[in-house]
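Asker: Spelled out, the chains give:
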Amino acid sequence: MPKLENHIFLISADAELYTLLKSTCSYAHWTVFERGRGAIELLFNNPPDLLIVDSRMPDLQGMELIRIFKSENVYRQVPVVICLDREEVAAGPDLAAIEVDDFLVKPLDVDESRLRLELIMARASWELDANPLTKLPGNTSIIHKIQDMLDRKLEFALAYADLDNFKSFNDKYGFSRGDEVLMMTARVIVNTIRAFAGMESFVGHVGGDDFVFIVPPDKAESVCAMLVQNFDSIVPNFYDPQDLKQGGIHSSTRDGRASFFPLMAISIAVIFNRNGELTHYGEASEKAMNLKSVAKKEPGSSYVLDRRQPSG
Amino acid sequence: MQDLYLENKNRILSVKDLPTLPAVLDEVTELVQDPGSSIDQIAKVISKDQVLSAKVLKMVNSPIYGFPRRIGTIQHALVLLGFNVIRGLIISNSVFDIMTKNMVGLWEHSLGCAIACAGIAREADLKDPEEYSVAGLLHDLGKLVSIIQLPEIKEEVDALVQEKDITYYQAEKEVMGFAHDRINAWLADHWNLPLRLREGLVWHHRPKSAQHYPEVACVVHLGDFLARIFQVGNSGDDQVNYLDKYVFKVLNLHQDKLEKAIEHLDSELVELRGFSPVATEGG
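Chains H and B supply the protein sequences, listed in that same order.
Quick note: the first sequence uses this note's numbering, first residue 829, plus one each step.
Quick note: the second sequence uses this note's numbering, first residue 590, plus one each step.
It is possible that part of the hints are untrue.
For the chain B half of the interface with chain H, some residues (derived, Cβ under 8 Å), not all of them [as the list claims (entries may be wrong)]: (1) L607; (2) Y654; (3) G655; (4) F656; (5) I660; (6) H665; (7) G671; (8) R771; (9) W775.
Derived by calculation from the structure, the hints in this document are not laboratory data.
Glycine is no exception: its CB is placed at the ideal position from the N, C-alpha and C atoms.
Start from the sequences and build out the full structure, keeping to the hints where you can.
Answerer: Right, dumping it as structure tokens:
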């Protein structure tokens, strides 16, 4: 799914290579540099969506340029493609060492190159946005998905879910056991939703213990009920026996007061987009956040559906 | 001797595939091909087969899913794996040719023990009876794996059971230097099974040695005993294992409750007899 405004940066002294590449992605915005050295500053100040580097350049070696670029963490997510000729491929260069994402072999085949470049850019966007723990789509994808559905005036139910008492669990058992719970929660949400809504659903992981999912409106209530049931039945497995026995975690606050945190629970708030009522992502998420504070007030796992009828 | 021990352990842990009851496999294959099937329906069928149950638990507890050693019931495992993965797992199973008579006996014994364990756990007021049932179902998994992985040793063990009129457990120790309880420990560790389950599998012959979850080991010890008394299936010998009275203390199980557990087992077993484990159709 290439965007129109994709910015592709090519570093090559080979005019023919440029003409050919440009014909594969003519809709993108192209910047071409004939020399490696001059390109670096611009590249650092204005990183593109895709960087293509010709390995044969008069001044700086293509490999060396890529190494400089990729060794900085802030540029690592930019996909980089190197163009090699047959001779160079035969020499068996160590491409993994410079962390290049892919390569093209000269002379290029136009159709093959187009497919390859589109795929490289799409893959970079999936990988960049995925939550590093659960590998579910992250914030950028969530916002795109919701805004896209709003723009198309689709009817859907949008749910925000988070965990109660997750922090106290993390504090007592440590981050890696907290991560186990998040992995479990992600699996429970994904599978419960698929069982009801099949593939017309979407699950995203905002971060921490915050998750988002989208299902058809008529499935929302049964999904929530099943989600609560599944979560509540599985979460005790993650506690130590003594805490399980007493039904939660005893801990003391900073000022020394004792407090008790019951077993973790899941709170879900669901809003509906009916008759194209909502127009903007921000509006949808604010509505859901307000509703979630209602769900949070209930002790234990619970869900709240926004029953308000659209005005007018 | 040490070398042989290690060699046997490596052969055990290199187990690639185990036989599944054809009838169970047929039934569950049909269920996973119907998108309308519920997790509960599938869980009920998988819970009849020790191999499918073990595979499901091994998979959900693998580090890839991110919560090793946490999941001990089939129901939970299926919720976390999801329909897609379960279907993949089931359709990649094929029917083994070598489903010999004594293996079917072992199946029936394991299932009988699972049913007994669930009943005992309920009567002893233990939480989540299904966990105990899984421990009962898998308690002789080590025997099955050794039959597949060390077939030449299995013949020796069988001969010794006949010749000396001893238990399979004793014969295993004489022939191999270790028995299926040790194999269970290797498998439980290798497959990241939860500690509760591990205790039941490893200490069902010596419940006093279970340090962390003695109640699981005790339930399986008693379940194994009842399954033998009722002569459900066959676990490799005609002996009734020694019953350690320690279990009654741990489970706080008085005679009336034990009788109830036995009644429960009796009625459930009637149902089990109607379930023919080998025939794929007709029975």
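Asker: The structure should be examined with respect to each hint, and the outcome stated for every one.
Answerer: Results for each hint:
1. L607: 25 Å, violated
2. Y654: 7 Å, holds
3. G655: 3 Å, holds
4. F656: Given a least distance of 4 Å, the restraint on B/F656 holds.
5. I660: 6 Å, holds
6. H665: 5 Å, holds
7. G671: This hint holds: B/G671 lies near chain H, its Cβ roughly 4 Å from the closest one there, short of 8 Å.
8. R771: Violated, about 25 Å.
9. W775: It is violated, given that the least Cβ distance between B/W775 and chain H is near 23 Å, above 8 Å.
This entry does not satisfy hints 1, 8, 9, going by the numbered hints stated previously.
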